[in-house]
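K.L.:
If you want the building blocks of each chain, they are given just below.
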Amino acid sequence: MTIPFYLACIHLSTLLLNNNLLETLPESLLLVPSLVKLSLADNMIESLPELGRATWPFLQFLSLNSNCLKALPASLCNLVSLKGLSFEKNNIEQEPPALGSLRSRLLVLRKREYFLVKETPSQYHDYFAEMSGNAFLKVNKSEPYAAKRMSRAARMTCVPIPFFFFVCPHLL
Amino acid sequence: MHLVKPPLIRVCSETMIDQVPLEVLRLKSLRVLVLSGNKLTSLPAQLGQSLPELQELVLSRNKLTTEGVNAGRLPCNGMRQIAQPF
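First to last, the protein sequences are chains A and B. Quick note on numbering: this note's numbering labels position 29 of the first sequence as 14, and the sequence is numbered without any gaps. One rule links them: number in this note's numbering = place in the second sequence (from 1) + 3.
Simulated from the structure, these hints should not be mistaken for lab results. Among the hints, a few may not be true.
[As the list claims (entries may be wrong)] List time: in silico SDA-like cross-link candidates among lysine to any residue, alpha-carbon distance up to 20 angstroms:
1. B:Lys66 to A:Ser13
2. B:Lys66 to B:Pro10
3. A:Lys68 to A:Phe113
4. B:Lys42 to A:Lys74
5. A:Lys22 to B:Ser63
6. B:Lys42 to B:Glu17
7. A:Lys74 to B:Ser63
8. B:Lys42 to A:Leu6
9. B:Lys66 to A:Glu8
[What the hints assert, rightly or not] Computed beta-carbon distance windows for the label pairs:
10. A:Leu16 to B:Ser32: 20 to 28 angstroms
11. A:Gly85 to B:Ser32: 41 to 49 angstroms
12. B:Arg13 to A:Glu80: 38 to 46 angstroms
13. B:Gln22 to A:Lys22: 23 to 31 angstroms
[As the list claims (entries may be wrong)] Selected chain B positions facing chain A (Cβ under 8 angstroms, derived; list incomplete):
14. Gln49
15. Lys66
16. Val72
Every residue gets a Cβ at the ideal spot worked out from N, C-alpha and C, and that includes glycine.
With the hints as constraints, model all of the structure from the sequences given.
P.N.:
As structure tokens, this is what we get:
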């Protein structure tokens, strides 16, 4: 059984709690399955609970920037509607395992700059994950080339792919 | 006779309030409530009950704690019971 999207939209869909004093995720938020956008940025959250598939089935954008997270729960991949995920400036030391399964849906971004991934279908350009400012992104010995390339890409001023081709149509 | 339409949006930002004003909780049909840049430490327990139509709640830049957010029952309309998309 699927529930029509508008049914979810007529209830609380946007909740912005950025720049507060939250130390953990308030449990009451887990009881609001209608959420579409949730910002918890600039708080002091150290960990997230496991998320079930029914917790936030419509959540599209989740911001966890500037918290004290040490890890992301693997169950993050249960957020089946997720389009945008940002967790910049945390203390995450290992690449979150959930990213593997989210990667197919989220185009990896760093500091809001797109990686130019040739095989990325254009419909994914609205999908992103932001994760700079975490320990696991520092030079990775097993993949030195990839890490170096990522940091160089982060320094470059990249423009979104559609905009690039809009400005330079002759390159299409 | 004047029929005053109930407001759908209420903005109370940067007003240094430390509680959600009671008059706001009387606006039953409110869709958007902006309370950013205040000194709120907790949400009123009757929040969800009072504002069942609320779609957007902006609480950025306050002093809300985890307990303070949990104190306010957010509008959820029993979606958990009926939403079984998977």
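K.L.:
Taking only the CA atoms, is the gap from A:Lys22 to B:Ser63 under or equal to 20 angstroms?
P.N.:
Holds: A:Lys22 and B:Ser63 sit about 13 angstroms apart, inside 20 angstroms.
K.L.:
At a threshold of 8 angstroms, is the proposed contact between B:Gln49 and chain A supported by beta-carbon distances?
P.N.:
violated, 13 angstroms
K.L.:
Compare the distance between the alpha carbons of B:Lys42 and A:Leu6 with 20 angstroms, and conclude whether the hinted pair is satisfied.
P.N.:
holds, 11 angstroms
K.L.:
Hinted pair, alpha-carbon criterion (20 angstroms max): B:Lys66, A:Glu8. Please report holds or violated.
P.N.:
holds, 12 angstroms
K.L.:
Do the alpha carbons of A:Lys68 and A:Phe113 lie within 20 angstroms of each other, as the hint requires?
P.N.:
holds, 6 angstroms
K.L.:
Do the Cβ positions of A:Leu16 and B:Ser32 conform to the proposed distance bound of 20 to 28 angstroms?
P.N.:
The hint (20 to 28 angstroms, Cβ to Cβ) holds, given that A:Leu16 and B:Ser32 are roughly 22 angstroms apart.
K.L.:
Take the C-alpha atoms of B:Lys66 and B:Pro10, compute the straight-line distance between them, and say whether it is at most 20 angstroms.
P.N.:
Violated - the C-alpha atoms of B:Pro10 and B:Lys66 are around 27 angstroms apart, more than 20 angstroms.
K.L.:
Need the status of pair A:Lys74, B:Ser63: alpha-carbon distance at most 20 angstroms?
P.N.:
Satisfied, since the Cα-Cα distance of roughly 18 angstroms is no more than 20 angstroms.
K.L.:
Is 38 to 46 angstroms respected by the C-beta to C-beta distance linking B:Arg13 and A:Glu80?
P.N.:
Holds, at about 43 angstroms.
K.L.:
Are the Cα atoms of B:Lys42 and A:Lys74 separated by 20 angstroms or less?
P.N.:
Roughly 25 angstroms between the alpha carbons, so the hint for B:Lys42 and A:Lys74 is violated.
K.L.:
Within 20 angstroms, alpha carbon to alpha carbon, are B:Lys42 and B:Glu17?
P.N.:
Within the cut-off at roughly 9 angstroms; holds.
K.L.:
What's the verdict on B:Lys66 and A:Ser13, does the C-alpha distance respect the 20 angstroms limit or exceed it?
P.N.:
Cα-Cα ~17 angstroms, so holds.
Of the numbered hints given earlier, the model fails hints 2, 4, 14; all others are met.
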